[in-house]
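As you go down the protein sequences, you meet chains E and H in turn. In terms of my numbering, the first sequence opens at residue 1 and continues consecutively. In terms of my numbering, the second sequence opens at residue 640 and continues consecutively.
These are computed hints drawn from the structure, not numbers from a lab. For clarity, every value in this text was computed on a predicted model and none was experimentally measured. All C-beta atoms, glycine included, are put in the ideal place defined by N, C-alpha and C. Be careful, since some hints might not be right.
[Claimed, not checked] Residues on chain E that point at chain H, a partial pick, calculated with CB under 8 Å: (1) T221; (2) L611; (3) S614; (4) G615.
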Amino acid sequence: MHDLIWLIPLLPLIGFVINGIGRQVLSKSLVGFIGSGTVFISFLLSCTLFVSIYEARALGETGRISQHIFDWIKIGNLEVSLSFLVDPLSAIMLLVVTGIGFLIHIYSIGYMQHDGGFAKYFAYLNLFIFFMLILVMGSNYLVMFIGWEGVGLCSYLLIGFWYKNSDYGAAAKKAFVMNRIGDLGFLIAIFFILNTFGSLEFSTVFQSAKSFPVGDVTILTITLLLFVAATGKSAQIPLFTWLPDAMAGPTPVSALIHAATMVTAGIYMIARSNILFVLSPLTLQIIAIIGVCTALFAAATALTQNDIKKVLAYSTVSQLGYMFLGLGVGAFTGAFFHVLTHAFFKALLFLGAGSVIHGMSDEQDMRKMGGLKKALPITYMTMLIGTIAISGIPPFAGFFSKDEILAHAFAANPVYWVLGFIGALMTSFYMFRLIYLTFFGSFRGTEEQKHHLHESPKSMTLPLIVLAVLSIFGGTLNLPEALGGQAWLATFLSPVFADGASLQHMHTITHSTEYMLMGVSVVGVLVMAFVAYNKYVKQGSVPEHDQVSRTGLAKLSYHKFYVDEIYELLIIKPINWLSVFLARIVDSLGIDGLVNGIGKSSFMTGKGVRLLQSGNVGFYLLLMVVGAIAIFLYGLLSF
Amino acid sequence: METAVQQLQGVPINHYLIFCGLIFAIGVIGVLIRRNVIIMMMSIELMLNAVNLLLAAFSVHHGDASGQVFVFFIMALAAAEVAVGLAIIIMVYRNTKSIDIESLHKLRW
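Next comes chain E alone, as it looks inside the complex (with noise of 0.2 Å):
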């Protein structure tokens, strides 16, 4: 079983193949047949990788597995090959990939019925898997580079999926550069690694890196870049304006890619690289300030966005500032914990949207919603258990990873935990209003989409159900010992962070602290909740429409933070004027005008030569001459 490890991958590519060369012939059940034929079996595949995986750590093992499949490069002392490493961190995430990605290829089933591009749509998902899956089973860093780009690419085809609006290309562009950006980071970041350590196999360069000191300069590099690259997958400040405008691709896109997967792949990243990290502290705080920041802006951009999308996008931007603030004071398991429970509750809470944007015929302003309750019931019940989850109520997923995350910040900073504790606040608040907005009151909408009011199909209802018990079951992975658990999670995963955990002072919170940030927390967050439903539901309140003007804070929240501006003003207008610069004047007059000049001038100079061409023959004659003499002359006085 352990060499079938190169199938886990290759059944999505062989699905993105059939799909994509069929996509006029083959039928649309068939597509959908393949496409997530080729996923779920994959998914079998890696619930037999885990399962021995589970079985080698509980005999106390390691539990990698590796299969080395060729040898790629090979040029003087560069060896990269392509090869597989199973560990339990990547078995974990092989199985959301697959397992959340399977949900919502059936998803896809239902929501994309009518879409003309059908087979093409889910080629693309299918290559997306595959690079994900590349991305997650890489043994080096090239391999990993090789899916992080993919991903890279997939999400811009699958963002720019409806091609005709030019917005929506505009997006896929958008997303495309900033992710670049990332790219050279990692890129970079590859180059340093291979001249510090000589290889990019992850087991040689952790290796070697225990003898390196703690704040050496060269890791402190790498480590920097590594985090520029993730800033750019992740999403986070300053490079994470693309997620909000991402949203033009279709939903469950949004829900695979932006939610569950790819931009986890930072996160991923960092937590595979520990102990780099680990010998880098300020790469670590960095990464914290970082992290909090995101988590308190996207949130607070969040709570007066009007799209259905655009708020769970900035919510998702924020509960990945969230991961980074985990990452950044050291809680590995924790951050990795929160990967796992967003992936469920974000992935539902997306379908969901996408479920009420197809029930309201592809509406997505929620000023336009209300009282959806008894029209759609099933996602309604399935969203209410997402937004529970999200806002960190227990005993739900949410509250045991973001808790473990504050706990952790609170141990290396009490600021951290008081600016992430404002976030979560805001985020039970835009969360519950996003609820309350859609689901409660009364309809807001034209009749004709009251007439078309309908539950949306199995397809599309299933995968919500399965992934609301996830949130709703999904915290038992790793149950604080403050509360009497065995953290599972946290044992599985410790071969996978522990050379890194030797090297970290991990400051620790009495049990007593702990209950009381529980305690404050959980509390803050219902009172949240509450108000949310005194101004949305009491008072009826519904958010005004864009032409409104706006004062203050709320008029930065909505536009913003006018983040896209600034950037326009700082870089893209710049940027504009030193390529015309350099269109106009270096290349038309300069480079050109050197090409032409040369031309020119040789033209001049044959209109000068042909002068002697006088067709006189005394004038040859006299040449003659006096050429002879020259060259006599010249012999005679050489010696």
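Dock chain H against chain E, hints included.
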């Protein structure tokens, strides 16, 4: 009683050099200045003959007969060249009805 060679060697070689040089120069100037192609041919002949004379003088002066052998070659060559040259002049005349060198001006820029 002096031999012919001794008598010939009585004239210093410088006299021959200057004499033939002058004749050669006159020949060159004739080629450059004159417009009649037949006169140009004659000037070319003059140059060749000047060279012949100088070669013969050097041959006597150094007592080496190969100079005079070379003179024979040059004479044969001159004859052949005149034959061909006059043939060309006749063809040029037939085409341009003129023996003025200025009449061949068509290959201008």
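We went through each hint and held it up to the structure:
1. T221: With a closest approach of 67 Å, the E:T221 hint is violated.
2. L611: 6 Å, holds
3. S614: 6 Å, holds
4. G615: 3 Å, holds
In terms of the numbered hints stated before, the structure departs from hint 1 and from no other.
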